[in-house]
Amino acid sequence: MRTTKHSLLRAFSIALLLLFMSFTSLYSNPNGISGRTRKTMSAGCSSCHIFGTGITGTFEGPDSVIAGQTAIFTLTLNFPGNANGGVDIAARFGTLAPGSSSGILKILNGELTHKNPIVFTTSISIPFNYTAPAVPGTDTLYANIDRNYTGTWNYVDNKRIRVCSSIGVINNETPVSYYLSQNFPNPFNPVTRINFGVIRHSHVKILVYNMLGEKISVLTDSEMDNGNYFVLFDASNHASGIYFYRFETSNGKEFYHSEVKKMTVLK
Numbered sequence: 335m336r337t338t339k340h341s342l343l344r345a346f347s348i349a350l351l352l353l354f355m356s357f358t359s360l361y362s363n364p365n366g367i368s369g370r371t372r373k374t375m376s377a378g379c380s381s382c383h384i385f386g387t388g389i390t391g392t393f394e395g396p397d398s399v400i401a402g403q404t405a406i407f408t409l410t411l412n413f414p415g416n417a418n419g420g421v422d423i424a425a426r427f428g429t430l431a432p433g434s435s436s437g438i439l440k441i442l443n444g445e446l447t448h449k450n451p452i453v454f455t456t457s458i459s460i461p462f463n464y465t466a467p468a469v470p471g472t473d474t475l476y477a478n479i480d481r482n483y484t485g486t487w488n489y490v491d492n493k494r495i496r497v498c499s500s501i502g503v504i505n506n507e508t509p510v511s512y513y514l515s516q517n518f519p520n521p522f523n524p525v526t527r528i529n530f531g532v533i534r535h536s537h538v539k540i541l542v543y544n545m546l547g548e549k550i551s552v553l554t555d556s557e558m559d560n561g562n563y564f565v566l567f568d569a570s571n572h573a574s575g576i577y578f579y580r581f582e583t584s585n586g587k588e589f590y591h592s593e594v595k596k597m598t599v600l601k
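335 is the number of the first residue of the sequence shown in our numbering; add one for each residue after it.
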């Protein structure tokens, strides 16, 4: 009798444990605990999900971002049918933020993950903000996605990002005159390059304005020696349309040169 009671109690305990495991798998990590991407491959959702190909995802966004600046990227998830799921997004060096997806994503240990189970139909696009590191070089975005918690998860193909210096020297040769080149490419999305020349030590400003005449960006505002230079303008956070960039040089009291050109953002 005692053995029977012990067996029944043990069976009941095992049943409860299995039920608990089933419940926690079904709703595994509803608070977005994942931590498993190609950046951090040693922990996360492998205990709750089976690696598979039932879901796919792609990063969309600029290939180049100016050092220290913020650009908008999108993670698009594709599913073979209706599903609930979750994501984990990581950057090797840069900083991530939910951006306009603050109702879906949150920061956890420096990575972006879901606040609650995400309801998908056949696909969903989730925008987020990426701020490039201050030092030029290369960076990488990583992500994984899971479906239905007890279903499959998969890695997203990594997104390589070139982190560019916003201003650089073409050469130190003295140009014949001050000049401002037409930006290239033009139209562009989202980054374009502007070349300019300085014939003597000057205070140089290159400012960007919208169609309303409002200043939206300062590309440089500094002292420069004679030479040929370039600056990059990143329009990731600006809408399609026509913009103007103004090149000014002075000695602090009088202008040496002033010139304006227009450029087109086409998204």
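One or more of the hints may lead you astray.
Said to hold, decoys possible - Cut-off 20 Å, straight-line C-alpha distance, at most; resulting in silico cross-link-like pairs (EDC-like, lysine to aspartate or glutamate): (1) 373 to 548; (2) 539 to 582; (3) 587 to 557; (4) 539 to 593; (5) 549 to 582; (6) 373 to 507; (7) 539 to 559; (8) 587 to 394; (9) 373 to 394; (10) 539 to 588; (11) 595 to 582; (12) 449 to 473; (13) 601 to 473; (14) 596 to 557; (15) 587 to 548; (16) 549 to 491; (17) 595 to 555; (18) 440 to 397; (19) 587 to 555.
Hints were generated in silico from the structure; no laboratory data involved.
We went through each hint and held it up to the structure:
1. 373 to 548: The given pair, whose Cα atoms are some 41 Å apart, is violated under the 20 Å limit.
2. 539 to 582: holds (5 Å)
3. 587 to 557: Holds: residue 587 and residue 557 sit about 13 Å apart, inside 20 Å.
4. 539 to 593: holds (11 Å)
5. 549 to 582: holds (14 Å)
6. 373 to 507: Given that 20 Å is the threshold and the Cα spacing comes to 44 Å, the pair is violated.
7. 539 to 559: holds (13 Å)
8. 587 to 394: violated (46 Å)
9. 373 to 394: Since the Cα atoms of residue 373 and residue 394 sit roughly 19 Å apart, the hinted pair holds (cutoff 20 Å).
10. 539 to 588: Holds: residue 539 and residue 588 sit about 13 Å apart, inside 20 Å.
11. 595 to 582: With Cα atoms ~12 Å apart, residue 595 and residue 582 stay inside 20 Å; holds.
12. 449 to 473: The hint is violated at about 26 Å.
13. 601 to 473: It is violated: about 23 Å lies between the C-alpha atoms, which goes past 20 Å.
14. 596 to 557: violated (24 Å)
15. 587 to 548: violated (24 Å)
16. 549 to 491: Roughly 38 Å between the alpha carbons, so the hint for residue 549 and residue 491 is violated.
17. 595 to 555: Holds, because 18 Å separates the two Cα atoms, which is no more than 20 Å.
18. 440 to 397: Distance of about 24 Å is beyond 20 Å: violated.
19. 587 to 555: Measuring from Cα to Cα gives roughly 15 Å; hence the hint holds.
When the structure is compared with the earlier hints, violations turn up for hints 1, 6, 8, 12, 13, 14, 15, 16 and 18 and for no others.
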